[in-house]
Amino acid sequence: MTDAKKQQSNKLSEAEAIERAKLGDAEAFEALYNLHKRRVYSLCLRMTANTAAAEDLTQEAFLQLFRKIGTFRGESAFSTWLHRMSVNVVLMQLRKKGLPVVAIEDTMETEEDAPRKELGADDARLAGSVDRMQLQRSIAALPPGYRMIFLLHDVEGYEHNEIAEMVGCSIGNSKSQLHKARMKLREILKTSRAEKAAKP
Amino acid sequence: MTCEEFERVLPELGDGHTTEQEAHLKSCSACSDLVADLNAISQQARLLQGSEEPSPWVWNSIEVALQQEGLIRQPHLARSQPPAPLLGWKLRWLVPAAAMFLVAFGVLMFQRGTGQPPVAEQQTPPVGVETAGLQPMAGDDLQLLKTVGERMPSMRAEYEANLRSVNAYIRDAEESADSDPNDEVAQQYLRNAYEQKAMVYEMALDRSLP
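Protein sequences appear in the order of chains A and B. Sequential numbering from 1 applies to the first sequence in the working numbering. Sequential numbering from 1 applies to the second sequence in the working numbering.
Just so you know, the hints here were simulated from the structure itself, not pulled from any lab data. Any given hint could turn out to be false.
Unchecked claim - Below, a list of computed lysine-lysine pairs in the DSSO-like style, where the Cα atoms sit at most 30 Å apart:
{"id": "1", "chain 1": "A", "residue 1": "97", "chain 2": "A", "residue 2": "175"}
{"id": "2", "chain 1": "A", "residue 1": "175", "chain 2": "B", "residue 2": "26"}
{"id": "3", "chain 1": "A", "residue 1": "175", "chain 2": "A", "residue 2": "199"}
{"id": "4", "chain 1": "A", "residue 1": "190", "chain 2": "B", "residue 2": "146"}
{"id": "5", "chain 1": "A", "residue 1": "96", "chain 2": "A", "residue 2": "175"}
{"id": "6", "chain 1": "A", "residue 1": "22", "chain 2": "A", "residue 2": "97"}
Kindly produce the complete structure, drawing on both the sequences and the hints.
What follows is the structure in structure tokens.
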């Protein structure tokens with residue numbers, strides 16, 4: 001089967017599952033869950049950096065979705081609807097705990113958090129050698145504000161106007177935070193690589 | 001254009017650059033390297049999307065909640081259907097296979113702790129079919145996919161994707177752990193990776209047996 005036909009088949013399966021889920025079909029709920037569980041869980045895990053919290057949030061996101069599935073009319077893609085809901089569930093949880101979602105002003109990040117200026121630094125390039133495991137660890141080490149924007153934009157693919165609406169910041173702030181997040185990651189990755197190279 | 005001027009506008013740049021910015025990038029290796037690094041980070045980050053798998057209990061909890069709230073109005077048909085009259089003896093291998101992975105990673109952890117070479121390095125390389133551009137899959141994985149394909153054809157593609165993803169995760173985690181056996185984080189990632197693989201087998205077992 002070609003990729004296009006596979007996609008067509010999957011789209012029909014999801015559409016069918018949605019209609020059957022509206023009627024209370026258990027298999028349909030499970031099919032929808034299996035179609036989207038990895039993306040929702042990965043999002044929750046990276047935002048919270050905690051497996052147990054991520055699983056609770058994943059459960060909550062899907063339950064909210066399934067409770068409201070009767071209202072889904074198909075104006076937007078189902079996956080878009082679900083993932084927006086997942087982001088909102090995570091954001092609500094972070095706000096409830098009083099954890100920072102995004103820095104509104106640049107000055108809110110501490111001096112230690114901010115990436116160092118290293119124009120003209122004589123370091124080797126990272127390009128072509130960004131290790132996935134190391135990147136995951138580095139993302140977990142980012143300050144929460146930087147991490148949120150980075151995850152939403154670079155991992156999940158949201159545009160700045162969407163991020164600004166979701167987290168309640170300006171588009172300019174979203175772009176600024178993303179740039180700082182990437183710079184900070186670059187710094188962390190280079191430091192890590194230098195430390196590994198220095199070990200006997 | 002100076003480097004400071006360039007970095008000031010960098011957050012606003014998308015995929016395109018102005019002529020002036022392009023000229024600066026061509027003449028300045030530091031800024032050129034910076035842009036290349038940031039792009040590499042961004043591209044690698046996209047590969048992380050949907051790369052993690054929740055434990056099976058998440059769905060179990062959701063299902064229970066849906067039943068309690070009365071949102072599920074029909075019994076779970078898959079469990080009430082009689083099993084296909086085929087695979088009894090063929091499916092029994094899933095039980096030891098799932099257990100094997102759990103034992104194997106336990107042995108692996110023990111051997112790493114005692115400084116012995118990992119079990120995976122002592123074994124002969126797995127024999128598998130190589131799909132264009134993709135890593136060959138081990139015999140057990142292929143057997144699992146064959147069984148899933150026979151029993152639940154609609155799920156085969158998903159299980160294959162899951163196995164490829166978790167195998168890639170194991171390879172990355174093994175590489176990290178091998179480069180620094182004292183790195184606890186890398187060891188934890190490796191344990192997580194093996195647990196995920198065992199879960200994939202357990203889920204296949206759970207669905208396949210009556």
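- Mind listing which of the numbered hints don't hold for this structure, in increasing order? 3, 4 and 6
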